[in-house]
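Novice: Protein chains in written order, with this note's numbering: chain H, 1 to 172; chain U, 1 to 202.
Source of the hints: derived by calculation from the structure; they are not laboratory data.
Owing to the predicted nature of the structure, the values given are computational and were not obtained by experimental measurement.
Treat the hints loosely; a few may be bogus.
Below, a sample of chain H positions facing chain U; criterion: calculated Cβ distance under 8 Å [unchecked claim]:
id, residue
1, R11
2, T71
3, G72
4, T75
5, I82
6, S83
7, Y119
8, V124
9, V128
10, Y133
11, P135
Beta carbons: idealized from backbone N, C-alpha and C, even for Gly.
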Amino acid sequence: MTVHAFHIFDRKGKTLFTKRYSSIVKNQPVQDAELLSEQRKLIFGMLFSLRELVGSLTPEGESPALHSVRTGAGTLHCYETISGLRMALYTNNNPNMGSNARNLDTSKTSFQNALKHIYSELWVDCVVRSPLYRPGDIQVDGNGNDVGRFDIRSTNFEKKLDAYLASMPWFR
Amino acid sequence: MSSKSQAAQAGQALWAKMPKANAELFALTYGSLVTELVRDYEDPIEVNAQLDRIGYSIGVRCVDEFLSKADVAGMGLTTQCQNLRDTAEVVAKMGFKMFLGIQAEVGAFSQDQRCFSIYLQDNPLSTFVELPEDDPSGGEDLRRLKYSNLYCGVIRGALEQVNLKVDCNIVRDTLKGDELNEIRVELKEVLADGAGDDYKEE
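Starting from the given sequences, assemble the full structure and let the hints guide the process.
Specialist: As structure tokens, then:
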């Protein structure tokens, strides 16, 4: 069970944070930044369209929320806040909870809980509260140094995120 | 999130969990901020606009904190407010309670349900504050200063993050002699979720 990647998008689709964990990437050190950015756009587009779809399919009074998208290769777990922040965690398909496969349902909810935790404890605490935070002006790739843009590496969001994900039983 | 008491209780619970700051320090810091602004800009209307901008930045950040805390505490905020009335209750009972610890009431819903008022009995920002009397020699008329205009900006910023574009105004102010503070909130439009510039079709 591995986590391949983690993305955070804002309401407009701009990537606020992205990180690849997969060991496959290490064999291709020069991944085209253009290509990655295209991929992220595709992910956002899919989440956006699916949300519209889910919204129209959901019966009245229930809360419409996309939890995950499962393909043959992996699963994309999503969590979206009312303020438009979308988090996407891409993992492979076999959550090894340490015990048997009957835990499949709880594993789904634990992803939601994990994403919720990342939002409330890590994102809000480290990023939103940072005095340097500028919503709408976040620099992701770290290439080029625009003064005045908020660089997420100035907070310890990434370290805390890594520590948190590593502590999850399904991480690796 | 439909009943008032639910929102009030939730607000109480959230307030209990928040780290607290000294109220006097808060009021005095705000007071010195406003004094500096008045000194810099001199025109009270301009100062009101600046306070609104400051409030807007605060609101944009507060909303994430509010949503995350309220969600985690199981307050059921994952189901969205069904209408503006619910939103008003949440803002007043939970939002104001959580961040400022004060009880705020809502009322005066307009006919078309697009406007409402928030009433604050006591305003923590205006402790120790007195606005000067009209200066007959023609100095800046500080009676036009909306001292608590920060609240308007905060509400505007926070609601914009959840796709509601609103206009807020302070209509009654205890500093000017009224018996309570009233903030009038008008819904201008409900913004649609759109993808940003990157996604414009060629």
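Novice: In ascending order, which of the hints set out earlier in this document are inconsistent with the structure?
Specialist: When the structure is compared with the hints, numbers 2, 3, 4 turn out to be violated.
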